[in-house]
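Below are the chains, spelled out letter by letter.
Number of protein chains: 4
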Amino acid sequence: MPQTSLMMTLQFSSSGTPVNVQAKHFLIPGLGRYDHKYSPKLPSKFPKASIFNSHQIPNPILHQPPVNQSVAAIVFGDGSESRLYPLTKRRSEGAIPIASNYRLIDAVVSNCINSNINKIYALTQFNSTSLNSHLSRAYSGASLGKEGFVEVIAAYQSPEDLGWFQGTADAIRRCLWVLEEYPVAEFLVLPGHHLYKMDYQKVIESHRNRKSDITIVASNGITKRDQDQGVGVLKINTENQVMQYSLKSNKEPVNYAVAETLTRCNDSSYSYIPSMGIYLINRATMVNLLNNHFPKAMDFGTEVIRGALSLGMKVEAYLFEGYWEDMRSIEAFYQANMECIKKLNTGYNSFCDRDSPVYTIPRNLPPTVVNDAMITDSVIGDGCILNRCKIKSTVVGMRTKIRDGAIIEDSVIMGSDVYQIEDGRESSIKSTSVPIGIGENTEIRKAIVDKNARIGKNVKIINKDNVEEGDREANGYVISGRIMVVLRSAEIPDNSIL
Amino acid sequence: MPQTSLMMTLQFSSSGTPVNVQAKHFLIPGLGRYDHKYSPKLPSKFPKASIFNSHQIPNPILHQPPVNQSVAAIVFGDGSESRLYPLTKRRSEGAIPIASNYRLIDAVVSNCINSNINKIYALTQFNSTSLNSHLSRAYSGASLGKEGFVEVIAAYQSPEDLGWFQGTADAIRRCLWVLEEYPVAEFLVLPGHHLYKMDYQKVIESHRNRKSDITIVASNGITKRDQDQGVGVLKINTENQVMQYSLKSNKEPVNYAVAETLTRCNDSSYSYIPSMGIYLINRATMVNLLNNHFPKAMDFGTEVIRGALSLGMKVEAYLFEGYWEDMRSIEAFYQANMECIKKLNTGYNSFCDRDSPVYTIPRNLPPTVVNDAMITDSVIGDGCILNRCKIKSTVVGMRTKIRDGAIIEDSVIMGSDVYQIEDGRESSIKSTSVPIGIGENTEIRKAIVDKNARIGKNVKIINKDNVEEGDREANGYVISGRIMVVLRSAEIPDNSIL
Amino acid sequence: MPQTSLMMTLQFSSSGTPVNVQAKHFLIPGLGRYDHKYSPKLPSKFPKASIFNSHQIPNPILHQPPVNQSVAAIVFGDGSESRLYPLTKRRSEGAIPIASNYRLIDAVVSNCINSNINKIYALTQFNSTSLNSHLSRAYSGASLGKEGFVEVIAAYQSPEDLGWFQGTADAIRRCLWVLEEYPVAEFLVLPGHHLYKMDYQKVIESHRNRKSDITIVASNGITKRDQDQGVGVLKINTENQVMQYSLKSNKEPVNYAVAETLTRCNDSSYSYIPSMGIYLINRATMVNLLNNHFPKAMDFGTEVIRGALSLGMKVEAYLFEGYWEDMRSIEAFYQANMECIKKLNTGYNSFCDRDSPVYTIPRNLPPTVVNDAMITDSVIGDGCILNRCKIKSTVVGMRTKIRDGAIIEDSVIMGSDVYQIEDGRESSIKSTSVPIGIGENTEIRKAIVDKNARIGKNVKIINKDNVEEGDREANGYVISGRIMVVLRSAEIPDNSIL
Amino acid sequence: MPQTSLMMTLQFSSSGTPVNVQAKHFLIPGLGRYDHKYSPKLPSKFPKASIFNSHQIPNPILHQPPVNQSVAAIVFGDGSESRLYPLTKRRSEGAIPIASNYRLIDAVVSNCINSNINKIYALTQFNSTSLNSHLSRAYSGASLGKEGFVEVIAAYQSPEDLGWFQGTADAIRRCLWVLEEYPVAEFLVLPGHHLYKMDYQKVIESHRNRKSDITIVASNGITKRDQDQGVGVLKINTENQVMQYSLKSNKEPVNYAVAETLTRCNDSSYSYIPSMGIYLINRATMVNLLNNHFPKAMDFGTEVIRGALSLGMKVEAYLFEGYWEDMRSIEAFYQANMECIKKLNTGYNSFCDRDSPVYTIPRNLPPTVVNDAMITDSVIGDGCILNRCKIKSTVVGMRTKIRDGAIIEDSVIMGSDVYQIEDGRESSIKSTSVPIGIGENTEIRKAIVDKNARIGKNVKIINKDNVEEGDREANGYVISGRIMVVLRSAEIPDNSIL
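Residue numbers (this note's numbering), protein chains in the order written: chain R, 52 to 549; chain U, 52 to 549; chain E, 52 to 549; chain X, 52 to 549.
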């Protein structure tokens, strides 16, 4: 069992902050980060009655049944308010290509499958088309075993309810009638755009052994994201019991170092630790919280979890020490790809190692054809065509075509959905002079090139002016954290120097 | 080639009618019927330029290529403003069970497959969960052949566009970026909730031979639905060219008989014929109309088709003489089931005959167990349990359990998603005394019993007061056109007499 | 834990019987029954060395790993020397249709899947075409989960080995190079033509807890098959340790009652109990026995098991008390179908109940159409057409067509692979006046009608002369145990009285 | 329409050669090559009656129906007498890996699919295990469309027939009861181990237009294989009608050049051209020939085709001018791989180009990881791990691991079925010091390294003694045509110099 490595006692207080929530299209807020100022009004007094204890409701599952019959996963396929734009211009976060052959959501779904959880509901609404398509092609029955499924629940209209999901809690509440189809014992709520490798069975085991109502997975690893605003922060005691759920805000950062020095009363019995937005929650507890206690709660973390705490429920933290990346920004995404290459032990190398498989759409591509390439510290996807080129520290995606003389370094090339000429899937209307792929004698450094991009000849994508942030979307690219991001299907004319 | 059997000349004019459109959640309005008063403002002057002629744009497909490579179908999976409530309470029209083993949308998708069209996009938004689930389980690759797919495009939010589809034209416009993936020559627009058997290849052949911009399939069969309000009506000349697209409204019905007698000038060169809401339209024409000419059009029939006519495009009618039912009401749905039983030649017997298969989710149910049953003129789905009972003129759905002494006549029993006790999929929380199925000594006449209903013992569902229309939803049923409709998962206590 | 109900001490001795083996095409002899006289020459002296103990070989699997990763099943898909002729004329035993919708082998494969064993090798050679086809269609990935498969290993020729499998041991030995692909801990050897429902996980648990080399499942139920010749009989002590493996022969029946009275010394510490031909055996033990100790053994039961006993290995019996039917004869097959109907608790009702699913090819047939039928105590498969007819105590298979006036009692109608007219799969060459199905006014009693049979009008299949056994194959039928068996695709002309 | 480029008139006569056939396990002899001396005794006199004309039998298919409903392919999955040993030691020819990601048979099956033929029977018997497994995994429904299948028919025993297939004609005859399931108009007989890209629809069109009984595809391309012994040679007239079918034997080579000069009477109306072993034959003709006229014929080419000619049937040649390779030897296989790299226009570049897909098992491998490689003119399969190495003119198969310092040139590395350590599929018993893959500082030139081979460190596989042919099987390799062939799973110890 992991141990908390940080001990601090300063109680984080955000309760006084007034907020104005615009419930536009934020699915993920409570799932690990949160960008809004928000102060949900919790009911001041809750009856401390036994009805909150789901264990008193006759549990249909005895003796800790097999995980694949007793736990259903709820994956949020898309975040919103994403800082991953422009990668999310036409797709949700979960559908972003990563590590040459995969989509981001494959990491979480594969975690489920490898943890023997095969009842998986994916809730989607934001730019969901490509994600829905990916999920139904990648996980249709095969490899999910008896009664296993990945079921996409897209936001929908109904006679009672015409609007979009208003947050994570609202989304789950509206889908409860579907989610309750199988008599599972617990729901496992998962953000779909995080990158990590976890055996959820250990979380389930801990949850059941401790007879918790809710278990929250928290990151005990050495990551930098506890400095981020919007991250949910758990105050836990030495038994890993969660005492408080807070949000790290812009103005009031949780400075752990300071927190520790400010410890009053020498009280080292509490720690602050960032939530990973992963919740294991008893089925009956879920229904009770969403329908009875907080029927208007929209966000899961700030409203439902806080509410459960206020009701005196048993909320525990499960500390996870491995690599965890929540793709909170273009830079984080870029780093995750670079770490995939480096195969650092501390990094999430799930895509690149072979310990346990990461699933995705099974494909049938021809082998990669290499004419004359020097390739260093790179990862090459299926079915590429690499002419005379140099590739270094780069993730090269499926069907990438790199032409003579090209030099690619420190970059992420997402590849192409099609072979341009050969299979005729290209639009007949658009007639373009620049073909899909990387043109002759083109140089690319520290860039992300989205799918189906058409980079001409003698192009330099090198951030020549060393811009930190720049929106050149009309020209087909964006600069974010000094990283050049070429848009999906963008066309960069010959001889451009960016 | 079918011949028009009605010849009339009165020009139907609805152009003067002012309308007030409430763009709530109407996906299907223009697809064969229309309930709103509406008068779209067409641009007064259109350049009669060659740009309208899609044939001048180099067509990527020569020599009438195989249908499966050159046509993509766009199926509207759900109507709204449905008069099929309560069958649509938790599902869209396309997901309504029909003919024991099927869902309504299976008819149209199977028409596509049997017509060699294997690129099928299903656009959904209204109560779409069950429909999405059905489509992805039923049509995941198998039987769709090389590069075939049924791709569900659920309504979604995006940075540019936060709202729901605002009608059929709007839905197609927003999805064009997906629909244009393959270089098809034509799009085939299809309502997903109609019942008929058609070889679309004949429509395509006619369209190509006549070099039409748009071909609209119109019903030349002997049906009663040309009396319905909201039906789109085509005025066609003797060459089947469409001269006008009108809506039949409440106040201003198209009385064909009268129309004929009112013919002025002895002009018998025009006919009025109801549109089936099926449009075959050249790809470039579609893009032009939606993006360039009518970028704000919401409805396909009243706005885009009328607009195309006003632009002088070549719009032709293809006359279809077979059985066609558009499920416009509970009664129509009920009759379609009864006709399925009767296997009338005029009726749509596609589900019941074996001429060409209707596809659905492949299943693996045990055989039907019959203890002692007299069964007359009925259709029995897979995996039923029929104890000592009498069944007459009834459609019995999958997994239906009918207990001793029950009598069922002239009814539609939709069956159950689960075997109640045995597979444990029932919610553990809900404890109910009435089991799923039809109880002992219960009598049911002229009723539709939705899925998973629990009908107790000694119940009579006979519309005892001969009510025409009645909303007893709180009691678990609704009366529509004297047909008793028991709601999904409703529980009718023992000894009830309805 | 089941208790032995028979206590006897007479040591069964068959060792003196000289035998003449004709190794024609007997795959299954040792798997539960044996028709040949045979006396394998066991090596007279075996070193009682530790090398026999597979536990000393480092076991790759620790801590009793999940069954689906540590056990592979070897299913013998076909018996030979079958007494099920003519049902086996064109198919192996495992491919015989049973219970309307299934094939015999589905019972064993479903037992595996329901026991979480998902690595299944099916060894076939005798009339294997239909069985191979069935297995690859029914179990291709779906429902088998991660890394699960049903792999058909058909007998094959190779440079080293030109002949057929010479028995069960020989078949396994030749396939070891395939079977060893996954590092499983144990192999589970299963006859594919038996009918029973068993959770093999209990066998595995017992085997591992007792640290056995080999566990043999033996039937402790009340069955009549211990009177059959050829059944393997285990002599076990009170700890269920196997002391001896014998064959019940024609001339020297194991008369248990007599055996008991002949008990010498009042020694009640031994029992005789029939083997079910199910062996769980450690992987290393299997390899050792087949390759090192008995490299020429052909039959698993009489040679390898006896050999293991002679080597002093730890061979245990697992007693199974449920229903078990090994389809040793037409009569047994007929009774199994009748019991399926009766759903006796003592009978194998797996096909008819819904406790745990029996898998087979997922299908997509139209519902059964019933015009006017009285059906009693019967089971009806998918997609039948039942006109005005009476059906009693009958198993009606898929796509059966029964015409007006027909009466069917106490029979097994296997149905049809095709709908005759509609889908055109019928041979165009064969022009026949009698259509597939049961003709008008035909009467069938106590018969098995194989697939695609064409029974004319006014036919009586009633065994009019009360024949016990009769070979009328030229006329399209066979009589076995007074049961009329109409051959596959046979044509019985109008007005025949059989 | 291709034109014959060779014109010669010498009638090739082999009829006088007495032969002694050893019908061991030769499946493919007549399919393009033949090693045996053989003189089938044709019936001396055949009635030239109309019964031979299949067109008089009412053809169920009118108006040239769609190919996918009217033609079934019969693919011979395995040859025997193969000169591809040791690649065929544990597999049939069709299962040999080629072009990194494929198996040889994928070429022919993909030709079928791309020609819209989706009813494919694969007849197998020789070392068929891996082939059967491949086919059922690669072609189970997906991409085969409505009613499409690849059905493996393994040789089997039956009551009537205990032996193996005795040749191609015998194999088809025995399987006719299966092959006749669908009412196709023609059978297309295909060797499964040839490499070429052909649209069979053109052959079918020619066959139907010319109303032929049999159409034989013959190679009109510039290949060297017309010098091979055992090739079937067609004598055709200027209308491409086949006049004679001969075998090119060792002693009596068909020397085309000489043939031409020896032309008597200046008769240039005949040509000799090598058969590709591809036969399109009317269904009824097939049945007639195999069952009625030549019920004992074993080989299709030498017996059935010759017989058909002697009966006066209309046998036509379809001339194919593209690349064709029949993998008659290790050298031919090696050259085919090299040509795949070179992408010569004259070569079969189907695997490497993207014109039309070649299908195989869909996979889900991680991207190839490259640490520091110089790769020239090579093809890299999915999921490789390439450390600091140089690769030139080499086909690198799936999951190949190449370690630091290795140099590979002009070679075919087939890769591995597993990742050695990571997924644990390796046998636990075999403990080996040399891991799977290519060891450090190892040098490989002009070699074929079969799957799962373990090449140690500092090894040189360079044919140091420049041996032409050599059998070092005990040492893990064979030399054939100066090409080093390392056996499947062979272990080459560190520092070996071969």
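FYI, nobody ran anything at the bench for these hints, they're computed from the structure.
Just to be clear, a hint being listed does not mean it is correct.
Which copy? The list can't say, so a pair holds if one copy fits it or any two copies do.
[Claimed, not checked] Cut-off 30 Å, straight-line C-alpha distance, at most; resulting in silico cross-link-like pairs (DSSO-like, lysine-lysine):
no.: 1; residue 1: Lys441; residue 2: Lys497
no.: 2; residue 1: Lys515; residue 2: Lys248
no.: 3; residue 1: Lys443; residue 2: Lys140
no.: 4; residue 1: Lys443; residue 2: Lys347
no.: 5; residue 1: Lys262; residue 2: Lys393
no.: 6; residue 1: Lys511; residue 2: Lys441
no.: 7; residue 1: Lys511; residue 2: Lys497
no.: 8; residue 1: Lys393; residue 2: Lys365
no.: 9; residue 1: Lys515; residue 2: Lys347
no.: 10; residue 1: Lys393; residue 2: Lys443
no.: 11; residue 1: Lys347; residue 2: Lys253
no.: 12; residue 1: Lys443; residue 2: Lys262
no.: 13; residue 1: Lys393; residue 2: Lys441
no.: 14; residue 1: Lys253; residue 2: Lys497
no.: 15; residue 1: Lys248; residue 2: Lys508
no.: 16; residue 1: Lys511; residue 2: Lys262
no.: 17; residue 1: Lys441; residue 2: Lys253
If you're wondering where the values come from, they're calculated on a predicted model, not measured in any experiment.
Next on the checklist: Need the list of violated hint numbers for this structure, in ascending order.
Outcome noted: 2, 4, 5, 8, 9, 11, 12, 14, 15, 16 and 17
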